[in-house]
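J.: Residues per chain are reported as follows:
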Amino acid sequence: MPYALCFLLFMIGLYCAVVKKNMVKIVIGIMVMEYAVNLMLIMLGYHFGGVAPIIDRGQIAESFISASVDPLPQALVLTAIVISLGSLALMISICIRTYERYGTFDITQIRRLKG
Amino acid sequence: MSIPLPVFVAIPLATGFFMPICGKKLRPVATVLANLATLSLVVLAVTVIGQSSVYKIGEWPIPLGINLVLDGLSGLMLLVVSVVSFAAMLFSIKYMEQYTAKPKFLSLFLLMIAGMNGVVLSGDIFNLYVFLEIASIASYALVGFGCGHEELEASFKYMVLGSIASAFILFGIALVYGNTGNLNMAYVARAIQSSGLNKGLAFALALFIVGFGLKSALVPFHAWLPDAHPSAPAPISAMLSGVLIKTLGVYALSRVVFNIFGVSPQIGWVLVALALLSMVAGAFLAIGQWDFKRLLAYSSISQVGYVVLGIGLGAVILSHGGNLAWASLAILGGLFHLANHAVYKSLLFLTSGSVEMSTGTREMRQMGGLAERLPVTRAACTLASASIVGIPPFSGFWSKLILVIAAVQAGFIWLAAVIVVVSLLTLIMYLKVQRRVFLGPLPENLAGIQENKGSMQLAMVFLSCLCVMMGLLVIVPALKAGILDPAVKVLTDGVSYSVKVLSM
Numbered sequence: 001m002p003y004a005l006c007f008l009l010f011m012i013g014l015y016c017a018v019v020k021k022n023m024v025k026i027v028i029g030i031m032v033m034e035y036a037v038n039l040m041l042i043m044l045g046y047h048f049g050g051v052a053p054i055i056d057r058g059q060i061a062e063s064f065i066s067a068s069v070d071p072l073p074q075a076l077v078l079t080a081i082v083i084s085l086g087s088l089a090l091m092i093s094i095c096i097r098t099y100e101r102y103g104t105f106d107i108t109q110i111r112r113l114k115g
Numbered sequence: 116m117s118i119p120l121p122v123f124v125a126i127p128l129a130t131g132f133f134m135p136i137c138g139k140k141l142r143p144v145a146t147v148l149a150n151l152a153t154l155s156l157v158v159l160a161v162t163v164i165g166q167s168s169v170y171k172i173g174e175w176p177i178p179l180g181i182n183l184v185l186d187g188l189s190g191l192m193l194l195v196v197s198v199v200s201f202a203a204m205l206f207s208i209k210y211m212e213q214y215t216a217k218p219k220f221l222s223l224f225l226l227m228i229a230g231m232n233g234v235v236l237s238g239d240i241f242n243l244y245v246f247l248e249i250a251s252i253a254s255y256a257l258v259g260f261g262c263g264h265e266e267l268e269a270s271f272k273y274m275v276l277g278s279i280a281s282a283f284i285l286f287g288i289a290l291v292y293g294n295t296g297n298l299n300m301a302y303v304a305r306a307i308q309s310s311g312l313n314k315g316l317a318f319a320l321a322l323f324i325v326g327f328g329l330k331s332a333l334v335p336f337h338a339w340l341p342d343a344h345p346s347a348p349a350p351i352s353a354m355l356s357g358v359l360i361k362t363l364g365v366y367a368l369s370r371v372v373f374n375i376f377g378v379s380p381q382i383g384w385v386l387v388a389l390a391l392l393s394m395v396a397g398a399f400l401a402i403g404q405w406d407f408k409r410l411l412a413y414s415s416i417s418q419v420g421y422v423v424l425g426i427g428l429g430a431v432i433l434s435h436g437g438n439l440a441w442a443s444l445a446i447l448g449g450l451f452h453l454a455n456h457a458v459y460k461s462l463l464f465l466t467s468g469s470v471e472m473s474t475g476t477r478e479m480r481q482m483g484g485l486a487e488r489l490p491v492t493r494a495a496c497t498l499a500s501a502s503i504v505g506i507p508p509f510s511g512f513w514s515k516l517i518l519v520i521a522a523v524q525a526g527f528i529w530l531a532a533v534i535v536v537v538s539l540l541t542l543i544m545y546l547k548v549q550r551r552v553f554l555g556p557l558p559e560n561l562a563g564i565q566e567n568k569g570s571m572q573l574a575m576v577f578l579s580c581l582c583v584m585m586g587l588l589v590i591v592p593a594l595k596a597g598i599l600d601p602a603v604k605v606l607t608d609g610v611s612y613s614v615k616v617l618s619m
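Order-wise, the sequence lines are chains A and B.
Mapped onto our numbering, the consecutive letters of the first sequence carry residue numbers 1 to 115.
Mapped onto our numbering, the consecutive letters of the second sequence carry residue numbers 116 to 619.
Among the clues, some could well be false.
[What the hints assert, rightly or not] These stretches of chain A come out as covered by chain B in the derived footprint (C-beta under 8 Å, 3 or more residues):
{"no.": "1", "segment": "13 to 24"}
{"no.": "2", "segment": "71 to 82"}
{"no.": "3", "segment": "87 to 94"}
[Claimed, not checked] Straight line, CA to CA, 25 Å or less: simulated DSS-like cross-link-like pairs of lysine-lysine:
{"no.": "4", "chain 1": "B", "residue 1": "LYS272", "chain 2": "A", "residue 2": "LYS21"}
{"no.": "5", "chain 1": "A", "residue 1": "LYS20", "chain 2": "B", "residue 2": "LYS272"}
{"no.": "6", "chain 1": "B", "residue 1": "LYS272", "chain 2": "A", "residue 2": "LYS25"}
{"no.": "7", "chain 1": "B", "residue 1": "LYS604", "chain 2": "B", "residue 2": "LYS171"}
To be clear, the hints were calculated from the coordinates, so they are not data collected in a lab.
Quick reminder that beta carbons are idealized off the backbone N, C-alpha and C, glycines included.
Use the sequences and the hints to build the structure in full.
T.: As structure tokens, this is what we get:
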């Protein structure tokens, strides 16, 4: 069920990116998609009542593994967040440059390339 | 001598980060360094060709750490990437003088090369995604490098579709991790073999096909390519059309389909259908274009169709348990066409850059009679056109011939017919280029233009020589056994990839 909700969020982002006419809203849609995927990754590693995956001296490894959450997806999400931050910065700067050139964010009015 | 695999990523990455430090005074130094970096990558790629090895980063055992895998297919792709990037870098020495921020350009260019080499070498799907994003983000910035109206629009379009593709791929990776508990390609392949394809994994495979299909611009997903490729500076167009869509799209797709998930008839037919659509639609759309670079971009869509057709046909034959030799022939045709297309399409984009620099326009209706003014560019363009159409001694002929033979052998005569018909359409579009650009009367305002000398000529002549000699790769048995056969074998071996990687 939570996975289905993640997928729903992903589809909402995709809908926003495909349908909206404002460049900034398209960027927001793409970011919603990326965050849906990040959420999905975190959920994969989480189980109810899990503890942080930091082992202390004196803890038994076997019982600790069954109690803690999976740390790998968290590392993946950190990397994915950094990547999406990079592409977000680039996208927004392209949006600003385009606004300077065309004086609008509306993609229906930014149509020089056709065919 | 064994070369540690991370150097393929480290050299362009280190040089790339050095570039922005160089100010105006150090510009020549930056240019020389960037060219040395690409040259050293060519040398390294030639030395590792045909070898296979696994590099474990930080000596961590395989499922725990990240590993880089070099096998036949990676070796072939490394060679193609480094040769094309060498030529494009050589070309950009002179071509990029018309832009102001040359060190930034070189930096992004080298980052893109680092990303592509990483994609090709990675043995871990999440790592593949990271490198794929490095290469894509660098290419988004390069498409918009001119900061004119059209460049920005094309860059935004490319970036939106590229980011959606990346989100699909990451979603697929999340599903794979959730279903198999591993990210290492060899371990994932083993887990899928033992558990079979459940619903989650099948969905992940569909997401991968859409994501990598978007990156390789197969036809229902091609909308960004005809805008993005012409808007970039000419050497970057050459890189994008020549190698980027192939490493991020075709290579990654065939790695995932053949080596991780294993082939099935459905997937094979999906690939063949996408390929046929791309070939036919790309060719028809290209004929109607009047913008020189836009025509080349549409022709790229059609040519990538050939590559995917060979690979998809191989998947169909393999999954039906057909003759291994036939499947190998189809895949050989696909991969050989990939290498050929990388060479002649980048050459065509370089010639278009040379024409644009001399005449100041890309509109073919305003050109004509350039043959006498630009003899070297004309010769290079004619050679590349002859190759892409498939005139016998040149490279394109051999790969198309192999594809036709493979299709007939496997009993799909209609596929062979489509290949020949699309070749004829390609002939029409390149005759149009020759007639409109190089033949006919010279317009008065272009009477005084000069041929571009120096590094631009050198790069074009280098790629022209390759165009003529590429046929040797299949004619000389030693070269075929050394370069193409190992690459074909990686794909025909399919999921036994995992066994091989884990035993190395």
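J.: Going back to the hint list, which numbers does this structure go against?
T.: Result: no hint breaks.
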